[in-house]
Amino acid sequence: MSTFLGMPATPPRAPYGTGNLRGERKFPRAAHDELLNEQLRRNLGRATGTIRAKRIGVTGELPDWEQLRDAGSAIKTDTMNRLPELLEQLEAKVTERGGTVHWARDGVEANAIVTRLVKATGSSDVIKVKSMATQEIGLNEHLEAEGITPYETDLAELIVQLADDKPSHILVPAIHRNRDEIRQIFLDEIPGVDPDLDNVPAHLAAAARTYLRQKFMTARVAVSGANFGIAETGTLSVVESEGNGRMCLTLPDTLITVMGIEKVLPRYQDLEVFLQLLPRSSTGERMNPYTSMWTGVTPGDGPQEFHLVLLDNGRTAALADRIGREALNCIRCSACLNVCPVYERAGGHAYGSTYPGPIGAVLTPQLAGMHAAKDDPNSSLPYASSLCGACFDACPVKIDIPSLLVELRHQHTEQAGTTAEKLAMKAAAGVMKSPRIYTAAQKAASLSRSVGVGGRDRVISRLPAPFDGWSDSRDTPAPPKQSFRAWLASAEGAATLREASAEGAARRAADDHQEEQ
Amino acid sequence: MRIGLFATCLGDTLFPEAVKSTAVLLARLGHEVVFPPGQTCCGQMHVNTGYQREPVPLVRNFAEQFGDASIDAVVMPSGSCAGSVRHQHEIVAERYGDAALRSGVATVKAKTYELSEFLVDVLDATDVGAYFPHRVTYHPTCHSLRMLRVGDKPLRLLRAVEGIDLVELPEADSCCGFGGTFAVKNADTSTAMLQDKMRNISATRADVCSAGDSSCLMHIGGGLSRIKSGTRTLHLAQILGSTRTAPYALTEAAR
Ligand code: SF4
Numbered sequence: 001m002s003t004f005l006g007m008p009a010t011p012p013r014a015p016y017g018t019g020n021l022r023g024e025r026k027f028p029r030a031a032h033d034e035l036l037n038e039q040l041r042r043n044l045g046r047a048t049g050t051i052r053a054k055r056i057g058v059t060g061e062l063p064d065w066e067q068l069r070d071a072g073s074a075i076k077t078d079t080m081n082r083l084p085e086l087l088e089q090l091e092a093k094v095t096e097r098g099g100t101v102h103w104a105r106d107g108v109e110a111n112a113i114v115t116r117l118v119k120a121t122g123s124s125d126v127i128k129v130k131s132m133a134t135q136e137i138g139l140n141e142h143l144e145a146e147g148i149t150p151y152e153t154d155l156a157e158l159i160v161q162l163a164d165d166k167p168s169h170i171l172v173p174a175i176h177r178n179r180d181e182i183r184q185i186f187l188d189e190i191p192g193v194d195p196d197l198d199n200v201p202a203h204l205a206a207a208a209r210t211y212l213r214q215k216f217m218t219a220r221v222a223v224s225g226a227n228f229g230i231a232e233t234g235t236l237s238v239v240e241s242e243g244n245g246r247m248c249l250t251l252p253d254t255l256i257t258v259m260g261i262e263k264v265l266p267r268y269q270d271l272e273v274f275l276q277l278l279p280r281s282s283t284g285e286r287m288n289p290y291t292s293m294w295t296g297v298t299p300g301d302g303p304q305e306f307h308l309v310l311l312d313n314g315r316t317a318a319l320a321d322r323i324g325r326e327a328l329n330c331i332r333c334s335a336c337l338n339v340c341p342v343y344e345r346a347g348g349h350a351y352g353s354t355y356p357g358p359i360g361a362v363l364t365p366q367l368a369g370m371h372a373a374k375d376d377p378n379s380s381l382p383y384a385s386s387l388c389g390a391c392f393d394a395c396p397v398k399i400d401i402p403s404l405l406v407e408l409r410h411q412h413t414e415q416a417g418t419t420a421e422k423l424a425m426k427a428a429a430g431v432m433k434s435p436r437i438y439t440a441a442q443k444a445a446s447l448s449r450s451v452g453v454g455g456r457d458r459v460i461s462r463l464p465a466p467f468d469g470w471s472d473s474r475d476t477p478a479p480p481k482q483s484f485r486a487w488l489a490s491a492e493g494a495a496t497l498r499e500a501s502a503e504g505a506a507r508r509a510a511d512d513h514q515e516e517q
Numbered sequence: 001m002r003i004g005l006f007a008t009c010l011g012d013t014l015f016p017e018a019v020k021s022t023a024v025l026l027a028r029l030g031h032e033v034v035f036p037p038g039q040t041c042c043g044q045m046h047v048n049t050g051y052q053r054e055p056v057p058l059v060r061n062f063a064e065q066f067g068d069a070s071i072d073a074v075v076m077p078s079g080s081c082a083g084s085v086r087h088q089h090e091i092v093a094e095r096y097g098d099a100a101l102r103s104g105v106a107t108v109k110a111k112t113y114e115l116s117e118f119l120v121d122v123l124d125a126t127d128v129g130a131y132f133p134h135r136v137t138y139h140p141t142c143h144s145l146r147m148l149r150v151g152d153k154p155l156r157l158l159r160a161v162e163g164i165d166l167v168e169l170p171e172a173d174s175c176c177g178f179g180g181t182f183a184v185k186n187a188d189t190s191t192a193m194l195q196d197k198m199r200n201i202s203a204t205r206a207d208v209c210s211a212g213d214s215s216c217l218m219h220i221g222g223g224l225s226r227i228k229s230g231t232r233t234l235h236l237a238q239i240l241g242s243t244r245t246a247p248y249a250l251t252e253a254a255r
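Residue numbers (full-length UniProt numbering), protein chains in the order written: chain E, 1 to 517; chain D, 1 to 255.
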């Protein structure tokens, strides 16, 4: 046997994730339809505007907010750099404290593990804490197919579930619904609800509470996600606003937590950073109302059986990307959604993934890939941004989302092979790299004016594909008579600059004279 | 100072008036304006659309044209092109360039400025002797605001303009929806953003909506022209270039 010590073979690429990480249509098509929904745009505009203002208030009041962001970014980066050892430490600690740890390569495995664990309890229903990870893997759909009924207990999540709808926002899943719609959903879907229910928010909440209380008192199994998992101690944490999570985490006999592997934090003390960053960035509150923490099993107190399912589902694939891995630092606060002008107009459904908005546009393609088939909808996500940079400014862990978008666009063009666009880009670069050809092209453009392009008012109002979407709502000026460089080279250009110098010199002399006096 | 003027491909070809005003303004302030004739395009559109190999010659050309040590500063009337030179050229050079390109890029990056930051930070000039007796509102443009962090420098320049009636633009810091090829690839979303921007502009009842980037102005101006708005667009440089002796005549076509 010969041993070859040269170039090592490329290690096999970690597999992409499965589940709700790919829409059916590309972003521009989906956004086109969503944009027609006036109600959606109004709700989104109002809701994101309110949260935005609150967030700016509570982040602006902290003198060390920028240092907190730096600390959050540094801790997350350190975590990703040694993710394997931290996960093993977490596993050891959770096990030591009486919990059981399961490793799931993808959504399929995670769903199977949770189903098996629920079935082992003999229960046919579970109550659920709002969780992105279980949405990502489509756990509810899977449980239902296996004859187990999941009950979402977060109010907005409940609305979405009852309406057989999809969440459109990380934090406010029913942001696309208004009160009247919610009232109707409750009337239609909650058994035994008061038929005179009106649309007053407090009454709607009360109706949900009555319904959910029953579930909390009877359910024997709960499924949650996790905001943080502490490697040092084995402590898991969920932060929330309503208290439904606390109920789920404390009342049942069995608790099953599905946690994305990137949610691990090295030390207990790291929470001092994240429990400031998260609520202020997400709901715009100084502190969220409920922070639950639990470590394994405590005899006689809370669930007596605890399972932690560590979910990869494409995260290792993302981690392999030196630039893209920064997206794994996300703490799911949703600040980037609330400041995003594209999200604000197109809404969450247009992204087709559990993760919408700016972070979704960089995370989804990395978790699930963007070249699964020709015209993969995920390949349109990195382009669903004007690169305005508002997300980067808002992100509590300073993820440079615009740069990640540009990077993923590059990865897309590299993979896409020869396209019409690539040829056009090559041709444009070909013209522009040669000043001679470039100048000739400019002359041709000016000439187009003399042959009548733009008509008498010098305005072009109709352009051919692919620029027709542009010209649907914008006029384009016809090229001017003379380029800047032609003007500069002309006698008029030289004279104008000479006059400007002379005028400036005269003005300065006059100013100096005045000062002397 | 000896200033290398980068016209930008869009400014050179489609919006020369903004570049002329930049040149005139810098000359009026007592500086020597040089125009390296081999300059073309910074490659921003390529990089932002996902192409990093294709613009290598453009990045190289830019570094060569402006690398000369006799050029003290490179100035351009565009926040997004300045952003590209300062943030994207090194990405391209790192990935697809050689050592010479990397060092060339680093050299020009250090002396590249968008017009307003050059005037305020380098020349320490806020009153540039301009005269513009019209009602003006200013859209700060995303790349100037969040990539270059020019802050309120353009507004400080505008406030010092004689005769100007400067009105604040509501929701000024939200994106106009241009985003280069975004406006073509996601035309519907871009249009929705543009509509909100135009609504805010109209609310100011300004004669002129100004900005530091001809690309955003092409988008906003194109929309305002389509809805036959009473507001027209004008580059910041054209307002700063307007003086009592050579005032900008608003009745002329906008460019
Ligand atoms: S990317 Fe940043 S701002 Fe967006 S959800 Fe994640 S942590 Fe929050």
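One thing to keep in mind: the hints can contain errors.
What the hints assert, rightly or not - Pulled a few chain D residues facing chain E out of the computed Cβ check, cut under 10 Å:
#	residue
1	Val33
2	His46
3	Tyr51
4	Asp98
5	Arg102
6	Asp121
7	Val184
8	Ile227
As the list claims (entries may be wrong) - Covered stretches of chain D, going by a simulated chain E footprint (3 or more residues, C-beta under 8 Å):
#	stretch
9	7-17
10	34-40
11	107-119
12	167-178
13	203-215
Derived by calculation from the structure, the hints in this document are not laboratory data.
Glycine included, every Cβ here is placed at the ideal spot set by N, Cα and C.
inquiry  = To test your reading of the hints: which numbers does this structure violate?
reply    = 4, 5, 6, 11, 13
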